[in-house]
Amino acid sequence: MLAVLAGCTPAAGPAPDPGAEVTLSRSGGVAGLRQVLHVRPDGVAVLVGVRGGRLGADRLIELRAALADPALAREAAAARAAADRGGSPPCSDPITHGLRVGELSMSVTEPCGGAEAPATPTFDRLFTLLTDALAGRFDEALRPGDAPALVVRTEQLGGSRGRYTVEAGPDGALRLTRPGRPDERRDLAPDERDALALVAAGLLAQELTSCAGDAPWTVAVRAPGGAESVGPGCAFGPRAVDAAAAHLALVRPFDLA
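In the numbering used here, the protein residues as written are 1 to 257.
Just so you know, these hints were derived from the structure itself, not from any lab. Please note that a few of the clues may not be correct.
As the list claims (entries may be wrong) - Label pairs and their computed distance ranges (CB to CB): (1) ALA173 - GLU228: 17 to 23 Å; (2) ARG163 - GLU228: 16 to 22 Å; (3) ARG252 - LEU208: 23 to 29 Å; (4) PRO148 - ARG175: 27 to 33 Å.
We put the beta carbon where it would ideally sit given N, CA and C, even for glycine.
Put together the whole structure using the sequences plus the hints.
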C-alpha cells in the first residue's frame with residue numbers, strides 16, 4: 001500500500017497483546033467512509049452499525065500470526081515518526097486506516113500524488129485478512145451465547161423532536177417513551193439485536209472520560225448483574241463511534257434518526 005521512507009529505523013513501540021480485542025477502522029474519502037470492526041480473541045467480530053459474525057479458524061490463525069509478527073510494532077513506530085515529521089499536504093479527502101490492539105495503536109493515511117510514506121506490509125496484511133469482515137461478510141454466523149444479554153438505552157435530551165428514551169431489552173424488544181404520549185414498541189431483527197449487543201458490550205467495558213460541550217443524547221448499557229455505563233458519545237473515548245451507532249440502532253426503528 002505504501003512506499004518506504006529512507007532514514008533511521010524508529011525504535012519499536014509496545015508489542016500487540018495476543019489476548020486483546022483487535023479494532024480496525026477506515027474513515028474519510030469523498031463519501032465520508034466510516035467503518036469500525038472489532039474482533040475478539042475467540043473470533044467473534046462485529047462491524048459496528050452493521051452486523052456481527054465469526055472469523056473462521058484458519059483466518060483467526062492467520063490474524064494471530066500477523067499480530068505476533070514483531071514487524072508490526074516497528075511499523076507502528078515508523079508511522080508515528082512519519083506523522084511527527086509531517087510531509088506533503090494531505091489530500092482533500094484522504095482515507096485513513098487505523099489499528100488498535102492492546103497498548104498498540106497506529107493509523108496510516110493514504111498519501112497523495114506519489115508521496116512516500118513508511119512501508120507497512122504487516123499492517124496491510126491485517127486489512128487484507130479482514131477485507132470481507134470490513135464489508136460485513138463473515139466466515140461463520142454467530143453462535144448462541146456469542147452476543148451478551150444486555151439492556152441498552154438512549155435518551156434524547158432535546159432538539160426538534162423533544163425529549164424521549166428508547167430502551168432495548170436482551171431479546172431485542174424496543175420501547176419508546178415520550179412525555180405525555182403512549183409508549184411505542186418495536187422489535188429488532190435477530191442480527192440487529194446481536195450486533196447491538198456486541199457493540200454495547202464494548203461500551204460497557206470502556207472506561208468513561210469527561211468531555212466538554214452539550215451532548216444531544218446519552219447511551220446507557222446495563223448488565224444483568226447491575227453494572228451500568230452511561231454517558232454522551234464523547235465520553236466513550238475511542239468507542240465514540242460505537243456509542244453513536246448504538247444510539248442510531250435504537251432510534252432508527254421509530255424513524256427518529
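Hints versus structure:
1. Evaluation of the 17 to 23 Å hint for ALA173 and GLU228 yields a pass: the beta carbon distance comes to about 19 Å.
2. Between ARG163 and GLU228 the beta carbon distance is about 20 Å. The supplied range of 16 to 22 Å therefore holds.
3. Under the hint 23 to 29 Å, the C-beta atoms of ARG252 and LEU208, about 25 Å apart, fit the expected range.
4. Evaluation of the 27 to 33 Å hint for PRO148 and ARG175 yields a failure: the beta carbon distance comes to about 20 Å.
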